[in-house]
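Novice: Protein chains in written order, with my numbering: chain A, 1 to 168; chain B, 1 to 435.
Treat the hints with caution; some may be incorrect.
Unchecked claim - Derived pair list, reagent style DSSO-like, types lysine-lysine, alpha-carbon separation capped at 30 angstroms:
| hint | chain 1 | residue 1 | chain 2 | residue 2 |
| --- | --- | --- | --- | --- |
| 1 | B | Lys78 | A | Lys71 |
| 2 | A | Lys33 | B | Lys82 |
| 3 | B | Lys55 | B | Lys199 |
| 4 | B | Lys415 | B | Lys368 |
| 5 | A | Lys33 | B | Lys192 |
| 6 | B | Lys244 | B | Lys192 |
| 7 | B | Lys319 | A | Lys71 |
| 8 | A | Lys33 | B | Lys78 |
| 9 | B | Lys192 | B | Lys415 |
| 10 | A | Lys33 | B | Lys368 |
| 11 | B | Lys415 | B | Lys259 |
| 12 | B | Lys272 | B | Lys259 |
None of these hints come from the bench; they were simulated from the model.
Because the structure is a prediction, the values reported are computed rather than measured.
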Amino acid sequence: MSTVPAADASHEPVFTGDRLARLEALFPAYPTKQACLLPALWMIQEARGWISQAAMAEAAEVLGLTPAYVKGVVTFYTMYHTHPVGRHFIQVCTTSPCGLCGAEDVLAAILSATGCGELGATSPDGRFTVQEVECLGACGFATPILIDEDFIEGVTPERVAGILEGYK
Amino acid sequence: MGYPHPIHPKETPVLSTHFGAAAARTYQGWVERGGYAALKQALGMAPGDIVGVIKESGLRGRGGAGFPTGLKWSFMPKDDGKPHYLVCNADESEPGTFKDREIMRWTPHALIEGCAIAAYAIGAERTYIYIRGEFTEPLAIMRAAVEEAYANGALGANVFGTGTRIDMTLHRGAGAYICGEETGLMNSLEGKRGNPRIKPPFPAQAGVFGLPTTVNNVETLAAVPHIVSRGAAWYKGLCLGNEKSTGTKLFSVCGHIAKPGNYEVTMGTPMKDLLVEMCGGMRPGRTLKAVIPGGSSVPIQTAEEAMDTVLDYEGIVAKGSMLGSGGMIVMDDSADMVYQIWRLAKFYAHESCAQCTQCREGTAWTTKVLERILRGEGKPADLDLLLDLSENMTGKTICVLSDSCAAPVVSGIQKFRSEFDAYIQKTRQPALAGS
Numbered sequence: 001m002s003t004v005p006a007a008d009a010s011h012e013p014v015f016t017g018d019r020l021a022r023l024e025a026l027f028p029a030y031p032t033k034q035a036c037l038l039p040a041l042w043m044i045q046e047a048r049g050w051i052s053q054a055a056m057a058e059a060a061e062v063l064g065l066t067p068a069y070v071k072g073v074v075t076f077y078t079m080y081h082t083h084p085v086g087r088h089f090i091q092v093c094t095t096s097p098c099g100l101c102g103a104e105d106v107l108a109a110i111l112s113a114t115g116c117g118e119l120g121a122t123s124p125d126g127r128f129t130v131q132e133v134e135c136l137g138a139c140g141f142a143t144p145i146l147i148d149e150d151f152i153e154g155v156t157p158e159r160v161a162g163i164l165e166g167y168k
Numbered sequence: 001m002g003y004p005h006p007i008h009p010k011e012t013p014v015l016s017t018h019f020g021a022a023a024a025r026t027y028q029g030w031v032e033r034g035g036y037a038a039l040k041q042a043l044g045m046a047p048g049d050i051v052g053v054i055k056e057s058g059l060r061g062r063g064g065a066g067f068p069t070g071l072k073w074s075f076m077p078k079d080d081g082k083p084h085y086l087v088c089n090a091d092e093s094e095p096g097t098f099k100d101r102e103i104m105r106w107t108p109h110a111l112i113e114g115c116a117i118a119a120y121a122i123g124a125e126r127t128y129i130y131i132r133g134e135f136t137e138p139l140a141i142m143r144a145a146v147e148e149a150y151a152n153g154a155l156g157a158n159v160f161g162t163g164t165r166i167d168m169t170l171h172r173g174a175g176a177y178i179c180g181e182e183t184g185l186m187n188s189l190e191g192k193r194g195n196p197r198i199k200p201p202f203p204a205q206a207g208v209f210g211l212p213t214t215v216n217n218v219e220t221l222a223a224v225p226h227i228v229s230r231g232a233a234w235y236k237g238l239c240l241g242n243e244k245s246t247g248t249k250l251f252s253v254c255g256h257i258a259k260p261g262n263y264e265v266t267m268g269t270p271m272k273d274l275l276v277e278m279c280g281g282m283r284p285g286r287t288l289k290a291v292i293p294g295g296s297s298v299p300i301q302t303a304e305e306a307m308d309t310v311l312d313y314e315g316i317v318a319k320g321s322m323l324g325s326g327g328m329i330v331m332d333d334s335a336d337m338v339y340q341i342w343r344l345a346k347f348y349a350h351e352s353c354a355q356c357t358q359c360r361e362g363t364a365w366t367t368k369v370l371e372r373i374l375r376g377e378g379k380p381a382d383l384d385l386l387l388d389l390s391e392n393m394t395g396k397t398i399c400v401l402s403d404s405c406a407a408p409v410v411s412g413i414q415k416f417r418s419e420f421d422a423y424i425q426k427t428r429q430p431a432l433a434g435s
């Protein structure tokens, strides 16, 4: 594939077989293929855990866009990972309403219990990456966290260890 | 109902009647609760008559701006031969707001039905429901519900055998507050960065994909079936205050409050009734200090203003703020206002799309100056500097994100100045570590 940078020649295509069919099945719902970019990026992240430059180039080719354009879109949104992350990605809401209810203590407990130590870092065992997230939209159920696709409400520092048990 | 709490006698449950009842999530469960009767009724009406009913009801946008919904629908061109779109804004990300999430989690078919009626009324060939990426549970529930609605003929090429075609597509966002701004949302839906667009053109002329579009909030659309089946007069009658504010409103109450949750009240209900009676007041031993009544983007109210506020669009403006999204952030006497305002500024600095200089630079510098004050390194001139920055951030950008950052800063300095002074005069210990 000509648009794949040489350094990423080992990139194994994401959009083949069933996955390509799933993407193409979305086309009739939109007047442009470009509109399927966010769904395509979700599919890449679901398959690979993150979105590499080569994967961006592949999405560009499938949708008739340029790799630079796709990179511009990927980097606009906080949920797309442009680097590999731990097996489980944890997002902790610390915006004002949760902050009033002790979210910063929850974040500290998670950073400590996972061994990540700091935001954006992956734990030495490769199990977790922790990030702060702005308002998860569940302010009445402070503190909400998102572990991968699991939305967990009412997290307190005391609950952290038990919750993490479920993510190996 | 004040989910997760039982219905309080002072609430008027309409949209929230079935919150907490998982059985209402299925197509069958929704039909058993009277669901889809309004859509069937609407399909027997002329589209213009539905717009008329919504206009007459007084329903106004529940996402924040409060624009009259029927009037917005009436802006859609007629017989122009172009495809039209309905976009449902389910990108609920305004700090303090969590009502659309509950509508989608508990009553997904209410939203689908409202969208279907609206789509028919404005002649939309498709509805896109744009759901924020973090809402994994509402997304899964909505996916299942849309599939069920197609399977039961409530959506598709021939809705309930009437020959009307109504299509619906769920579109997942990927983490960006600004995509809750309708033009940013439309760009995101088109597969672009979610940068807001200059208006005009307004969405009804050139919206998503450059075609006539109506963008409505989840709560607004979920109210539509009730208005169609029970009538405009009924909805209009739900009014305890200003006659320009009708119906019920879901208030998401959070922060320092005994019973946080979503409470549905008739427009014009006193805020005191909501906070003291329905929400159980403050936590033990605490007193109310401040309320941000309409999501983080509106001015902060003092306890005195809040306790004297009537909950409708006009009533909240009369007491120094705005109804906004109805996301109510409550702060008691333990809250450090300078710290809270800094945290809000940090939110806006993080979420600025960076298109406009006033916003990109203004939100960042506002955050930095507040940080300096919290580190105990503030200067006496810093408050004037913050006010000057805020003035340059208000009314000067493509969208109102920068205005939203300025609102808590300006109102905070006006109403809680002594707390800022305490940091600057070093009579209060720094809240952040020194540089």
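Novice: A separate judgement is required for each hint: does it hold in the structure or not?
Specialist: Comparing the hints with the structure gives:
1. B:Lys78 / A:Lys71: violated, 39 angstroms
2. A:Lys33 / B:Lys82: holds, 19 angstroms
3. B:Lys55 / B:Lys199: This hinted pair holds, its Cα atoms lying about 23 angstroms apart.
4. B:Lys415 / B:Lys368: Holds, at roughly 21 angstroms.
5. A:Lys33 / B:Lys192: holds, 12 angstroms
6. B:Lys244 / B:Lys192: Violated, at about 37 angstroms.
7. B:Lys319 / A:Lys71: With Cα atoms ~46 angstroms apart, B:Lys319 and A:Lys71 exceed 30 angstroms; violated.
8. A:Lys33 / B:Lys78: Judged against 30 angstroms, a Cα distance of about 27 angstroms means the pair holds.
9. B:Lys192 / B:Lys415: violated, 40 angstroms
10. A:Lys33 / B:Lys368: Violated, because 41 angstroms separates the two Cα atoms, which is more than 30 angstroms.
11. B:Lys415 / B:Lys259: Distance ~26 angstroms between B:Lys415 and B:Lys259 Cα, so the pair holds.
12. B:Lys272 / B:Lys259: holds, 14 angstroms
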